[in-house]
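Asker: Below, each chain spelled out in residue letters.
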Amino acid sequence: MISQQLLYAIAGIGLFTIGLRATLLHQQLLPRLLSLNVCGAGVFLTFIAIAYQGPDAVADPVPHALVLTGIVVAVSALAMAVALGRRLRMLDDE
Amino acid sequence: MHELLLISIPALPLIMAMVSLFKRSWLTITMAPVVALVSALSISVDTTVAIPWLLLGVHWHLDATGQLFLLFSALIWLVAGWYASAERSKPIDTPLYHCLFLTAMTGNFLLIVAADMLSFYLGFAMMGLSAYGLIVKPSQQARRAARVYLGFTLVGELALFSALLLIVSNTGSVLFDELAAVHVSDLAMALLVLGFGIKLALPGLHFWLPLSYSTAPLISAAVLSGPMMKAGLLGWIRFVPTGSENLVDWGQLLLVLGSIGLLLGTLLALLQTRASAVLAYSSVAKMGIMSALFGFALANPAHAQAVIAALLLFAMHHLLVKSTLFLGLHSYRQTRARKAVFVGLAILALSLLGLPLSGGSAAKLQLAAATQDELSLLLSLSAVATTLMMLHFLQRVRQTKPAAADETDASIMGTRPWAAWWLLLPIAWWAPFAPASIAFDAKSLLLIAGGILLFLVIRRYQTQLRRLPVYCRPGDLFHLLARIRLRSPLRYKSNQALLPDLLLPEQQSANDAKSSQLSLTTPGVWWFVVTALLIAALFIPIYL
Amino acid sequence: MELFSLLPLFILLSSLLPGLAIFMLKEESHGLRTGLNLFGAIAKLLLVGLLIWGVFHEKLLELRWSLGPGLELVLHADALSVLFVTLSTVLWLVTTIYAIGYLENTPHRSRFFGFFSLCVTATVGLALAGNLFTFVIFYELLTLATYPLVAHKGSPMAVRGARIYLAYTLAGGVLLLIGAVWLQTIAGPIDFVQGGILSGMQELDPWQLRWIFLLLIIGLGVKAALVPLHGWLPQAMVAPAPVSALLHAVAVVKAGAFGIVRVVYDVYGVEFAGSLGLLAFLGAAASITIVYGSVKALSQDNLKRRLAYSTVSQVSYIALGTAIVGPLATIGGVVHLVHQGVMKITLFFAAGNYAETLGVHRVSEMDGIGRRMPGTTLAFTIAALGMIGIPPVAGFVSKWYIGLGAMEAGAGWWVIPVLLTSSLLNAAYFLPIVYRAWFKPMTQAWPEEQPIQGRWEMPAALLWPPLVTASLALLIGVFAAAPYSPLEWATLIASREY
Amino acid sequence: MNNLIVWVIGIPLLASLLTIIWPRRANVIALLTALACLLASILLTYQVHAGGPITHALGGWASGLGIALRIDAFSALLLLMAMLVVSAASFYANAYFADPLKQVRFWPLWLMLIVAINSLLLSGDLFNLYVTLELLGLSAVALTALSDNRAALQAAIRYLSIGLLGSLVFLAGVAFIYAGYGTLDLLQLAELARPDALTLVALALLSAGLLIKAALFPMHFWLPAAHASAPAPVSAALSALVVKVSVYILVRLWLDVFDPALSPAATLLLGILGGMAVIWGSWQALLAQRLKLMAAYSTVAQLGYLFLFLPVIVALPAGELRDNAFGALLLLALTHGFAKSALFLGAGVIQQQAGHDRIADLGGTARALPLTTFIIALAGIALVGLPPSGTFLAKWQLIASSIHSQQWWWIPVIAAGTLLATAYLFRVLGHAFGPGDSVGKVVNWGREEIPALTLALFASVILGLGSAGIWDLIVDGRIY
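Which chain is which? The protein sequence lines are A, B, C and D, in order.
Residue numbering for the first sequence follows numbering that gives the first Met the number 0, starting at 0 and increasing by one per position.
Residue numbering for the second sequence follows numbering that gives the first Met the number 0, starting at 0 and increasing by one per position.
Residue numbering for the third sequence follows numbering that gives the first Met the number 0, starting at 0 and increasing by one per position.
Residue numbering for the fourth sequence follows numbering that gives the first Met the number 0, starting at 0 and increasing by one per position.
Simulated from the structure, these hints should not be mistaken for laboratory data.
Treat the hints with care, as some may be off.
With a straight-line cut-off of 25 Å between C-alpha atoms, the simulated SDA-like cross-links for lysine to any residue are [as the list claims (entries may be wrong)]:
#1 Lys101(D) <-> Met79(A)
#2 Lys25(C) <-> Pro434(D)
#3 Lys439(C) <-> Arg87(B)
#4 Lys136(B) <-> Lys25(C)
#5 Lys152(C) <-> Gly362(D)
#6 Lys136(B) <-> Leu13(B)
#7 Lys22(B) <-> Val433(C)
#8 Lys22(B) <-> Gly34(C)
#9 Lys152(C) <-> Arg304(C)
#10 Lys400(B) <-> Arg87(B)
#11 Lys152(C) <-> Leu3(D)
#12 Lys136(B) <-> Val433(C)
#13 Lys439(C) <-> Leu453(B)
#14 Lys25(C) <-> Leu370(D)
#15 Lys152(C) <-> Asn104(C)
#16 Lys89(B) <-> Val37(B)
#17 Lys136(B) <-> Trp437(C)
#18 Lys152(C) <-> Leu370(D)
#19 Lys89(B) <-> Gly230(C)
#20 Lys152(C) <-> Gly230(C)
#21 Lys25(C) <-> Lys22(B)
#22 Lys101(D) <-> Ala82(A)
#23 Lys152(C) <-> Leu261(D)
#24 Lys136(B) <-> Arg63(C)
#25 Lys89(B) <-> Ala301(B)
#26 Lys58(C) <-> Gly153(C)
#27 Lys89(B) <-> Asp366(C)
#28 Lys439(C) <-> Gly230(C)
#29 Lys439(C) <-> Ala418(B)
#30 Lys439(C) <-> Thr399(B)
#31 Lys152(C) <-> Lys58(C)
#32 Lys25(C) <-> Pro369(D)
#33 Lys22(B) <-> Lys58(C)
#34 Lys400(B) <-> Ala418(B)
One side of the interface only, derived from the structure: several residues of chain D facing chain C at Cβ under 8 Å [what the hints assert, rightly or not]:
#35 Met275
#36 Ala399
#37 Ser404
#38 Gln405
#39 Gly433
#40 Pro434
All values derive from a computational prediction rather than experimental measurement.
Where a beta carbon is used, it is the ideal one built from N, C-alpha and C, also for glycine.
Bound-form chain A, shown alone:
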């Protein structure tokens, strides 16, 4: 039977792929951003899977650090994208 770690990893990669596909397919801004986040989630999941070092061992801290940073970055990027979108909408309304 496949190990937990591998399961997580595969799930992560799956998410990543789905997100990627969606990103490339969608034209509108919002769906695209969302799918990008899905993408990101996949990557983070993979990292966490990598961090796993067996049932009784302590997890590798480095990936966690990475994931945290990554999440921060992703969030700020999302925020910025939304802000830009709003600005564009305002311009259209004027």
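Position chains B, C and D relative to chain A; hints supplied.
Answerer: Same frame as chain A, but now just chains B, C and D:
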């Protein structure tokens, strides 16, 4: 001192040419030939100067031949110069004409004193090209004649240029002295014949001559027919190593060509209506006989020296007389004392056809002696021919109108040229002062008599020759050649022909084109047949 | 002596710095600009005098500045470069004076003279280049410096002509670049060595060398206007007269020819090139060009176009002389570098004067122009006669030596006919002009005549340059054998090459 | 004093905060910062030259857990170039943004951009690279959006989403690397690197992400819009630096870190893509109607040249030949940095004076804006690769190297690219020299033109004549 004089011979006229652009007088135009004359008489033979830094390093010297040429050429240039300075009509009385006159003189003198081929070539080119300016006149025909002259001259220059290249690369030296030893290749020889043959108006290369002589100012014609033409002969004498066995065939060829020239010239001369044209064709004939003699010299290396010596006398005599005739013609058209001038012309004519006690007969006797009567037929032929031509000439002179307003301003010519001509007359008669001229030969008298009779016969046909076909006008066959237009893609936007200004008649000269419509009149055919027969007949004596 | 070896650099700077300074000048400051120009030109002349002395006494004049591995900027003065430097310097001085007169009160003079100086700097750099790399650099720089000059007028015609010029030259430049790099990768840095650097390396693959030669010659042939690469030259006629003069006599066309000489003699070595069978190819190309150019010139009614085609033909004499193995031909080709320059610049000055003073641009308008402008027409006539090859004008000397060299090398059977044909054709397109100018009466009024001020037929700054160059052409012909004459210098070069 | 490395990042970081606190003096602060960074980068380069590469463990933490900052010849030179460009662009921007509000918005972002660039060039492990990439992307997007119009905003959004995608793909690659090797430190990776499947997949992901950011053909579609619609100084920085640093990372990974794990085929693929980029980009630049668009497309082409180097370099044996080629790559990158920024700054001047940058209507510019035209010409010369620019030498070396490595087929590509470049440059100049009066009177806009001129001179003359130093530096100044 002698070196200085030698250098001054070509240098002075060049300087004068520059001067005459700004200030022209009888002094500027006659000083140079005077100096040349003096130095020709005073410089000791075989004076040599070498100027290494000039051009590609020049060597000049004055040998016996050169002295002879220089003497007589300078004389003619002098008198002609006098005429030119006295002339008040347009084409001549311009700084351009004076400058080119002197440049041509420079070239002529330079090639006479040249001891290396490049100087000779330089002189030849200067002379030939600047002569263009002596020929050209405002009139349509004159311009065209000048163009034709230029075309032929250029071809001559180039032929000479390549001949030079062949010879120099063969000998490795540009000095004439080194030449005598080497074997001149056939190609080089052909180029030499072509290059100088154009100057000497060999048959087929002669078209430019009657065209230009009959249209150019008579003063120009005088220097052209005298000094300049003889330069071609000098060229042969300088370049072709006489006395070498391997040029016999070429000698034969020249002999044939020359003889053809003699006949062609005579025939055409007899068909001319203008006196100057008659003189022109007689020049063709005379040059023919000289070429033939030179060819004879090549063909018999044994007595080349003697023949050439005699040929020189002959040439000098012709030089002097022919130029004097042209000048006389000029005087005749401008003076009131036409009778006197006519007498003078008659005397000259007699000297030319070798009346005993004249320079002409002396030269003829020398030739006869030198050729040991191997060419007696040809010589007698030429004697008869000359007689015919001279008589025809005199007849034509009688009918020459005095200078009309359209050509000159009909001013009575100045006294200076007038005197000069009369001074020139006796010299021309006696020249080249050969002792043999005392001798009296009956043969030539007979020939002359025969000639006179023949002339009387021909006169009956003269009435038929009023309207001549185009190919009998001055420049005979060329009029037919000129019909062959170069229909090429290369045309001006303003669609003019390819070589509009060089060879073909200008487009706008419709009248010219019309007048030269090819019309085969009966006398034309008749004339053609006779020529052909005579030329054919000529080969018999030569190959006996 | 250290300072002395910097001489080539100073020679470059003597025109570069004034040029840059001129760019900064205001349009109005005419006096200062003129002063800078003349100062630069004269300073250069003096320095070149020094250079001649140095090279004649075989001083080592070399500067090296590394730009990277195998890429060295080398300025080096040998006999050949001195010949070209002297030519360009002298003619630059004359042309500058002419240009000052010609562009009197026209716009953008600062720009013009700035690029003018840059152009000459590039030319001199080309002449002093000590290796192929440096040569390529200055070759490209020359293209850049001349483009604004050709486009100077700013008219659509000018811009178009300039574009065509650029397309041709840069395409050629790229080929040259590729060839040079290729050569350097197989043979290491290509210094110009008398006798040829490659002739020492027998181990190289001959076929590669042949291909490289082809690339180099095509690259250089574009500027040297070898048929069929000549298309830009007639188009570049839209440039102002001084520019055309410089383009045809000194800078661009001559640079190409000079490059060919360099490649054949100092890169391949003439015997080696001959043994590779490359010279036959070059000779053929040159001969075709000579004849073709003359034939085309015949049918041009526009004076400058006619002159342009005559350049196409004349410059190839240099290539022809180069293509023949043997010292005499070398002398002929190299000396024609100078002779053609002096004569052609005269012709263009004259053409410029006609256009400036009378608005005459076509040959068919030139009837009787000799009476109106005797000085200019005299200069024109001398130069034209020289082009035809009539002694004692300089052109004859070159033809004579090329012909002798051909005979010496046994190539006479095809070279001499080429020479004769082209001479005849030259006569056929030059003499009619001379004839119209002197012997034909003036038929119609001049298109746009400027009134005569002063005692000359036109402003002295326009009249004297052609007269000076014309008399120069005459003098170097008449005193061809005198010491320090171009011919003597060419002989020196030939003696050092063989 | 290794802290210099820290300062290079710290100063601008501090400064950006200051500018937010103290907006009225923002420009002064920013200018001083730029100059300080310039000075620091010069000193750093000198140190590398003198004492070889420098490593600095931030906060004393050993690399692996801590953050290692490294600088070697490669990054030092790029840093130097970047700082020169940035300082010049700062002075330019100071004059460019008349509206104080714009200034207030501009400077903090601008300084963040500087921070991002510097930290990216200096960071020595993959994850920092990811973070700095993101930082760079975000600040760049924000700057693009500064010119507040539809086109710009749409371009910005597109830019952002593409950038995010790229960095996520990159991050995935990072994950795989960590899974494979347990470390992200480049130096350690370089020792461990082995050609197994995992590495290849990871490398593929990393490269994919970078290629998107580096806008290599055919992933270039987002670039022209973004670069063309941003304000002039921003476009300058984007084209000259932002794109280039992604290429920098790629080259680092391929040539330095994972060189042993590479197969030539992969580099060949990159080379081919690069070649297509050269042709396509140049062609589009030739067709472009607007000056800035042309410049943007020419960026696409110029980046293509950089990729041409990869297969050639990989095929060469380590040693002198390889160093020559690598130096040429670096030289080309530097020259393009200067040239392109100068070109954009010049175009900015024209756009301000003429009110447009339509190439067809540039007539008379040469008369009205002589200096600007001169700048554009100089920059163009460097872009085309005519002497005495550095590009010329780089191309010379590129051709030589491709002959050495038997890959002659790159030569026609280079030739074609050069000719096309000439065509689009002189198309502009031809119009500029042509008749017309797009700009009324003669203007000398020194405050903008002099910075631009400096850059142009660096590109076309100084770098060309002083390039020998580059090779000296990279021979003994490399870590890997």
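Asker: Which of the listed hints are broken here?
Answerer: Those not satisfied are hints 4, 8, 11, 13, 16, 19, 21, 23, 24, 25, 26, 28, 29, 30, 31, 33, 35, 37 and 38.
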